[in-house]
Amino acid sequence: MSAYSVTEPSKVSKWVAGLLVTLYAIITLLPLVWIISTSFKTGPDSISYPPKVFFEPTVEGYVNLFTTRTRPAVSELDTLPPPDGLMEEIARRQGTIITGPSRFAERFLNSVIIGFGSTALSIILGTLAAYAFSRFKVPLKDDLLFFILSTRMMPPIAVAIPIYLMYRELGLSDTHVGMILLYTAVNISLAVWLLKGFIDEIPREYEEAALIDGYTRFQAFRKVVLPQAATGIASTAIFCLIFAWNEYAFAVLLTSGNAQTAPPFIPTIIGVGGQDWPAVAAGATLFLLPVMIFTILLRKHLLRGITFGAVRK
Amino acid sequence: MATPSIDRLARATPPSLARKVRGLSDRAIAWIFVAPTILLLLAINIFPLIWTIRLSFTNYAANKTNAEVKWVGLKNYERILTDEDIWSNMTTTAHFLIWTIVLQVIIGFTLAWLINRKFKGNDLLTTLIVVPMMLSPAVVGNFWTFLYQPQIGVVNYIVEFFTGIPAASFSMLGPGGLAPWSIIIVDTWMWTPFVMLICLAGLRSIPDYIYEAAEVDRASKWRQFWTITVPMVLPFLMLAVLFRGIENFKMFDMVNLLTGGGPGDETLLTSIDLKREAFEKWRTGYSSAYAIILFVTVFGLASIYVKALNKVKER
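Protein chains in written order, with my numbering: chain A, 14 to 326; chain B, 54 to 368.
With the rest of the complex left out, here is chain A (with noise of 0.2 Å):
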């Protein structure tokens, strides 16, 4: 038994206040369950009044999410050889033929190539400019530090103008490049002040250490300091990923096609006649997943993340 405590909340409080957040953890996942519920619906099912919480699940979603169909007259499609496949034979409950695949999955690459393309870029950018800031007498330091902060409170529609003239200019418009480079000039500044707060903390006694043992200076920053920051380095390449991932202004006015990202892609995913919303949640379901998955492995350094670092537990 501990001894008793002033600050310790009583019994009841903690038994309240658990059962208000609670409460409120219900509400706010209501929209998602309701989301992922969605798209294991039939179409019919997703529209109905009063809203289906019970139904029988199906993965037609998900097929159509990733075909394109069409609906042929009903005595055509009684004369057709019998479905070939899984995903035919589903596509055929609904009274369509499968033409082709959709555009989706080309979507979900360039999302994961340009994701992945301008976070690992940001990174070495990143790193290397968070060690100088973190280690040397940089002249201006604090006002390149805070200008490199000010260009994230630029509405994103106030840079895309210039950016959308120049891409046209250098043919960089609607190409993974440009994307990339787009992307990591926008998280650098989040990776130099996440990654200079990392490294602040690691002692500069372990690199002064090997600088007398012989070391270079960049040997002593590859061999020691990169090390020691590599949770830093991980969490701070997941916020990256995340931002470039969950985008949409630039993605959504300066590509088109062969580099357009799937949150633009989501929205336009109409199925024969009308929107198909089991489809929808289906692309909403497998593009949103991957980030729940993150944000339950990065909750330690959620909070630095979010505000720059200016916060820190």
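Worth flagging that the hints you see were computed from the coordinates, not collected in a lab. For clarity, every value in this text was computed on a predicted model and none was experimentally measured. The beta-carbon is built from N, C-alpha and C at its ideal position, and this holds for glycine as well. Heads up, some of the hints might be wrong.
Cβ pair distances, simulated, as ranges [said to hold, decoys possible]:
| no. | chain 1 | residue 1 | chain 2 | residue 2 | range |
| --- | --- | --- | --- | --- | --- |
| 1 | B | I263 | A | R181 | 40 to 48 Å |
| 2 | A | P114 | B | W84 | 44 to 52 Å |
| 3 | B | S222 | A | P57 | 22 to 30 Å |
| 4 | B | W84 | A | L32 | 31 to 39 Å |
Once you have looked at the hints, place chain B on chain A.
Structure of chain B alone, referenced to chain A:
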């Protein structure tokens, strides 16, 4: 055994000695390390910004590249600042900004205060609550249009279920004046956890002995809350408001997907209006001036606010 001795040796060594060790000079390394970042920012942030400033004095239209570009001086700025529609968009943005901040601060602080009771399972619940703010605002906006569908939407159903107001009698995103509140609800749903997390950090930073001392002085719980808890969390809360303020002033993605500025101009935030001017009407010169005005506004407001924040911190 080995590490402490190296530590001691390192501490005893003056930094100037370390700097003389072979390899590139520290100054050179500093520049080599910082240069790529600065170059990238110059190319993709500063150069475009200067270009925008230049364009803002012209009548350039990006879809008519062959047309003659005329220098129009301050005319674009004059037109924007005297345009009543723009002021009405600013009002719409201010309404959105103020209400989202008020709701998020109240709910976020309350949640943090409850979670700080350290009941069993508070870690797990915190992680669950935080999920919405990590998601793509565009995809979030898109799926809320589904939840907000007129007549058959889940939100309408829930309202009918609890209040008896017929689901078919109102529309969350349609005409009837609800749309500005609908976007506030979604933003609050998404970003309350952000304010909550920062408040929680603030609450956890208050050392127990302050409360113990207050208890010895027989200060009531109510008094402790207002004289210890609130002032000590305030700098954190103000930081959260700064972040939310800047983000929501720039708000584009979620609202663009949810309402696109409609119905009519009811939810036409400045960012969405700017997008229409720049990428639908292609008035590039005009919208460049618009962009500069927005940037100066957010930068100015943020600077004033940061000064106030620093004063609070000093107290």
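The hints, checked one at a time:
no., hint, in the structure
1, I263(B) <-> R181(A): 40 to 48 Å, "violated (59 Å)"
2, P114(A) <-> W84(B): 44 to 52 Å, "holds (50 Å)"
3, S222(B) <-> P57(A): 22 to 30 Å, "holds (24 Å)"
4, W84(B) <-> L32(A): 31 to 39 Å, "violated (58 Å)"
Violated hints for the displayed structure, listed by number in ascending order: 1 and 4.
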